[in-house]
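Start from chain B and add chains V and R according to the hints.
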Amino acid sequence: MEINEPTHVWQLSFDGDWPTSVAFLGNGRKIAAGNRQGQIYVWNLPETPPAEDADGEGKEKTKSETPPDFAPIRRLDGHTNGVTGLIATADGKTLISASLDRTVRLWDVEAKPTSTEEVVLDTKRREIAARRKSKEEKEKIIGAPGVQVEVVKSSHRLEGHGEWVKALGLSADGHRLISGDDACWTVVWDLATRKEICRWHGYDRVWVSSAALSPDGKTAFTAEFAGSRSSFDRPAAQAKLWNADDGTMKLDLLKVWTPKVKDKDRIDSYGYAQTWGKLMKRGLVCAAFSPDGKLLAVGQGGETDTGKVHLIDTKTGEIVRTVSGHRYGACDVKFSADGKYILSSGRDTTVRICQVDDGKEVAALGKARGGQFKDWMHGIAISPDQKWVAAADIAGIVHLWQLSPDSTDEAAG
Amino acid sequence: MRELRWIVVFVCCVLGGVVAPATGAEPLRDVIDAQVTAGWKSNGVTSVEPSTDAEFLRRVYLDLLGIVPTYDEAVAFLNDTAPDKRSKLIDRLLEHPRYAVHQADVWDMVYFGRNPPGYGTDKREGFQNWLAEQFRSNRPHNVWAGQILRAEGNTVEQGPPMFFVQYSRRPEDAIEAVTQKFLGVQLQCARCHDHPFEGWTQLDFYGMAAYYSRLQVVNVGKKNKLTAYAIGELNRGEVLFTGSVSEQELGKKGTPVKPKLLGGEPFTEPELPEGFKEPRNFPSGKVPPAPKTSRKNALADWVTAADNPYFAKAAANRIWAQFMGKGIVQPVDNLADANPPSHPELLKQLTASLVEHKFDLKQFIREILNSNSYQLSSRGPVTDAMPLWYERARYRPLSAEELLESWMTVGGYNDALKVSGKEPEGRFRPRGITWDYVRRFFGRPNDGVGNFQGGLHEHLYLNNGQVHQLISKQTGSLYDTVAKSDQPWGKRVERMFLQILTRRPTVTETEKFVAHLSPADDPQGRLHEAIWTLMTCSEFRFNH
Amino acid sequence: MQGTCPRHEHVSRRSLLKGTLATASGASVLNWGGLFQSQAIAEAAKRKKKHCILLWLNGGCSQFETFDMKIGRSTGGMFRDISTNLPGARVCELMPAISQRMDKLTVIRSMRTSQIDHPGGIYLMHTGYARAANVRFPEMGAIIAKYCGSPEADLPDFVKISSQGNAGAGFLGPRYQPFSLGRDGNLPPFSTSQLTPEKESRRHSLRDFIEEQFARTHKADPARMHREAYDRARRLQNVRHVFDTDDEWAKYGDKYGNTKFGRRCMIARRLVEEGVSFVEVGQSGYDTHGDNFTGHKSLVPTMDRAWSALLDDLEERGLLQDTLVVWMGEIGRTPRINNRSGRDHYVRSWSTALAGGGVKGGLVYGESDQDGIDVKDNPVTEGDFFGTIYKALGVDPETENYSGVRPVPLAPFGHKVVTDILA
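Residue numbers (the working numbering), protein chains in the order written: chain B, 1 to 413; chain V, 1 to 544; chain R, 1 to 423.
Excised from the complex, chain B in its bound form:
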């Protein structure tokens, strides 16, 4: 991955309640994004954004320019409640989504649409533009036509969860899928046959906050978190490595990180909560294995003062380094394909790119815009060719950045 003065190339409108996740579909510039209403849209972006001015000032963009918008081409219908995660297979043909409607769905990206529909994706922008305008102008702006999208209704539902599914992961080899729900069940699936390989259960009323599979699909990571301490007999947080073939536990990471705590003290007590709270904040909400499987990155979720990313040695379970840091909490974490960089998004409206070797931050994409509390950059995705980064911004936007200028881009835009 090459990072050299990233530029903000697209800002796609995706109004309607909180975009939460993005995924690149294959090697081109096709992306999918899902929101908290359960809608998933697919965009097919041109390689270079449309020219701003006919005269062409060159590839320099003035900082105050808003990057251009683009319309999606299709909508994937099926989820009845928010999308919590999106992953695509490497060949870009299958999209996997997890949702609050307690299902995981597999979408054929190329499927034939059943209908077309007109949708408006920039309601917010229209409302802002219509402010302080006359009644007729208001109506014109708000009632302006939307975009035509193809609607795809069919998908394969993976049944197996009875609660919100908030954790989703795919092994790098594309064979296995992992999903975790709020009833503390984690399931490992074989993607080709769509059958469960194994499943395991934690404590009642504890949620699986993140899950990931090693590149070869043989090791799984799950983190659990329960929101509040109200029970007597179970701790409110866990982080474990598992054997993904049979669901047996390999390593209890919390024990590795807190060796001085006696087993009998690992209960739902104030004291123990203070201990694991320092490491896990409000739950480890995102996880990713490095491409060589040697490291595991986990992000501290919010709301907390700063959500950082731990890099964990997958053999010993020790925290090797703690990098990055998002005010109020991290949301998503991904490794670059060469394993050199770790990208994280968080509740400070930024995507931070840090070096894995020394933790140094080399770039911060996005800028905080609000009051004391900032909008979140929620899910992120890296294009397979490692050139672009996409992020779902809860303010109803999907951002795309280009990490370094095109080496072949000579002519003015």
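The set of hints was computed from the structure by calculation and includes no laboratory data. Keep in mind that this is a model prediction, so the values were computed, not measured. Even glycine gets a Cβ: it sits at the ideal position worked out from N, Cα and C. There may be inaccurate statements among the hints.
[As the list claims (entries may be wrong)] Here are the in silico distance ranges between beta carbons for each label pair:
1. V:D194 - R:Y402: 35 to 43 Å
2. V:E274 - B:K360: 41 to 49 Å
3. V:F276 - B:K360: 15 to 23 Å
4. R:R216 - V:P83: 36 to 44 Å
5. B:Q148 - V:A336: 55 to 63 Å
[Stated by the list, open to error] Result set (BS3-like, lysine-lysine): computed pairs, CA atoms no more than 27 Å apart in a straight line:
6. B:K294 - B:K334
7. B:K240 - B:K255
8. R:K199 - V:K252
9. V:K286 - B:K278
10. B:K360 - V:K222
11. V:K258 - B:K367
12. R:K260 - B:K262
13. B:K124 - V:K253
14. R:K199 - V:K491
15. V:K512 - R:K199
Frame of chain B, contents of chains V and R only:
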């Protein structure tokens, strides 16, 4: 209109004008008495008689030193026949080494409370020692208050920066605390929307919060085995304003708000030089460099300027409340139009005097304590803990610190320790007592507005708990002295009352106690109980 | 007992028997000479009494995540609703147990109150009044303790278990101050006396003497509070066993959901069983300005299970018809969801609920508009709500007490009792 008045004041300050000086050469104590008496007259209130020597003695010891007098000190004062012994006692106590310690305790509670926010703020000896030094050397209040706000140095070697450690990266919380504690102005309603009655707008709030938008708490390494923090100030950073909380929207761009004093001019800062770079966060382990222009210091100067009318008034009111029980404006951190003073002219005079004497606290306190109003008795039919017109002396519970240290004095724990040649284990660590419990049960005896609540937990601790450990039986302790004494019981009871309650017993009390103590069965238990009774009764529990 | 200051306030029968001192003003100094009371008095206290259990949801429970679902609206949020055993009524999917007990509940969805911040709201929804400069209003618990309590009993009449609110007994006097238990419902440390009863008694007589001497000339409230609290702490010795609930919990833990809040609810049932007139149980954490959905997901199921178990338990023991169970927080939450995935404070339209003796049950009263922004009909103010509660417990809400010379009714002047929900 408010704006205009502020601008006028501001302009006057700039031109060097000061608040009107105190009327004539009348001593402040007489002004106090005249005003308080006038208050009684106009409200048809009858005041009580002056305090007895015993009442006064105990009260003034607790108010100035935070501890009851020893037996010897009590006897010396009560037997003294000099007509000016009270004012001499006040002078003596103002110079006593414990004066500084106790006042530091009181003001530490003002700035931090029992449960301060922020990481590392519960261990703040650096700040507390520094504060004690300010009282020891009687440094002008506006000078050391300004030092807290300038937060120079580190928390271990200097002390003041600990105040801002409470509000790390939260300029909104910091400004709320500063305006409340230093100016008696409550801005917090204006944080979420324009203040409903006081006329502060949300932008006023954010204009003030902007002064603290660049502060960072920096770990500057270990000093004396403690982690030291310094307050660094960046050259960049703004608070972003997005409107009232009810109008929050996703994607709303916040507008940076420039610093602006309440009702004052916007703060001017010179431009940063071209290509100026600084890190996003100060690196830890190094003392952060000072910024080119310090907003924090500008605000510190404004808050503690001699002619900042809120500062002097809030300080005068707070210190008045410390000794008289109730502020002239109550609560003391709410000097608002909707919360008028009970004695406006008196407050004006107190403020003027404080300013005229350049915030000399000893002088101010001396005047209050020498007034007849302060020296009223606490006996009387009025049931209010803090009578509105000061027609009777106030009752307030001893703080946890005062309680523990007074218990150690009266039980003779300290005396026994001295006799045995041992060193005290630390200020709050007598053997057998868990300071944490004392703080938990006695640390917050009042409800939100200062009324004593008195829960059952106190009594469970007193009845069944660790107080017994303080009734030392070692040589030199009260128990030992009384048990071994060959004096008649009446004399011994007198000794107990003088040592614990700082007064002589009445005839009835003597009879009852002698009857309790003289039987032959279980003399140890009886004596122990008698001491316990005096140490845990209401008369002891309160400063009255 | 209603409308007048009960006789026991002035001269307690017990103190008559023991020959108490009466001070000049006529109020007696409680003088519990002995530690033990007669069985008959205790039994009489338990019979024919009204009780109240307040489930206090500190922080402000969201009506959109409990009783006032706005499915499909932009203010609806992430949860879905489920049907209940009350035709037409639907509740949040987080409350399956309560959904099957809606026939016992009266839900008020049209609360409209006046204090939006925590200190103001907590004071308001404990006393029924907004904080005033010169009047110290009493909490609901103190009022119920006064009008429905048993002065003879050794158990305090007003018990708080891990809850907020510090208005206390206000001008009703220190006798009605709450007795607070901790998060686990246990007595605070040092609850056990180390002395033999004879020694304790001997010590007490000396202590009592010195207090009476002091009280002759020193009339200030704090001293009186201190004295009376001391007395009450002593009487606790006799009833310590009531608070020892390990065995009880072993039996009923599953029923109440194996949570700390569940345990506190069980203790509330036990205390009511033993004759305590008012128990307040708190659950905190509802102030979800950020992460409202995960926040409520971690709290509401616990509350649902415990509340249902409490209602079942009271009914099974024949206590429900004499016990009013009040469910509320200090504020509601905003229809709008902010950028922290949270909801802020809101008092223009929110929900509370009542169950048990005195109220109808099986009723959803009042409605908010389609987005939950405003009350559509039948608004209920804090005064109305408190007046209704007192009425349901057989106490006339217009009864006046005196704060200095000022008469203060139990529920604020101008309140309207919601008679539609009374049984």
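Results for each hint:
The beta-carbon spacing between D194 (chain V) and Y402 (chain R), approximately 39 Å, falls within the hinted interval of 35 to 43 Å. Range check, E274 (chain V) to K360 (chain B): about 26 Å between beta-carbon atoms, so the 41 to 49 Å window is missed. Between F276 (chain V) and K360 (chain B), the C-beta spacing of about 22 Å keeps the proposed range 15 to 23 Å intact. Distance hint check for R216 (chain R) and P83 (chain V): the Cβ-Cβ separation is about 30 Å, which falls outside the suggested range of 36 to 44 Å.
Between Q148 (chain B) and A336 (chain V) the Cβ separation comes to about 60 Å, which falls inside the hinted range of 55 to 63 Å. At most 27 Å may separate the alpha-carbon atoms for a hinted pair to count; K294 (chain B) and K334 (chain B) meet this at roughly 14 Å. The hinted pair formed by K240 (chain B) and K255 (chain B) meets the criterion: a straight-line CA distance of about 9 Å does not exceed 27 Å. For the suggested pair K199 (chain R) and K252 (chain V), the alpha carbons sit about 71 Å apart, so the restraint of at most 27 Å is broken.
Simply put, K286 (chain V) and K278 (chain B) have alpha-carbon atoms about 24 Å apart, close enough for the 27 Å limit, and the pair holds. The suggested pairing of K360 (chain B) with K222 (chain V) holds, with an alpha-carbon distance near 25 Å, which does not exceed 27 Å. The suggested pairing of K258 (chain V) with K367 (chain B) holds, with an alpha-carbon distance near 19 Å, which does not exceed 27 Å. Between K260 (chain R) and K262 (chain B) the alpha-carbon distance is near 23 Å, which keeps this suggested pair within the 27 Å criterion.
Between K124 (chain B) and K253 (chain V) the alpha-carbon distance is near 13 Å, which keeps this suggested pair within the 27 Å criterion. Distance hint between K199 (chain R) and K491 (chain V) is fulfilled; the C-alpha atoms sit about 25 Å from each other, no more than 27 Å. Restraint check for K512 (chain V) and K199 (chain R): the C-alpha separation of about 17 Å stays at or below 27 Å, so the hint holds.
When each numbered hint is compared with the structure, violations occur for hints 2, 4, 8.
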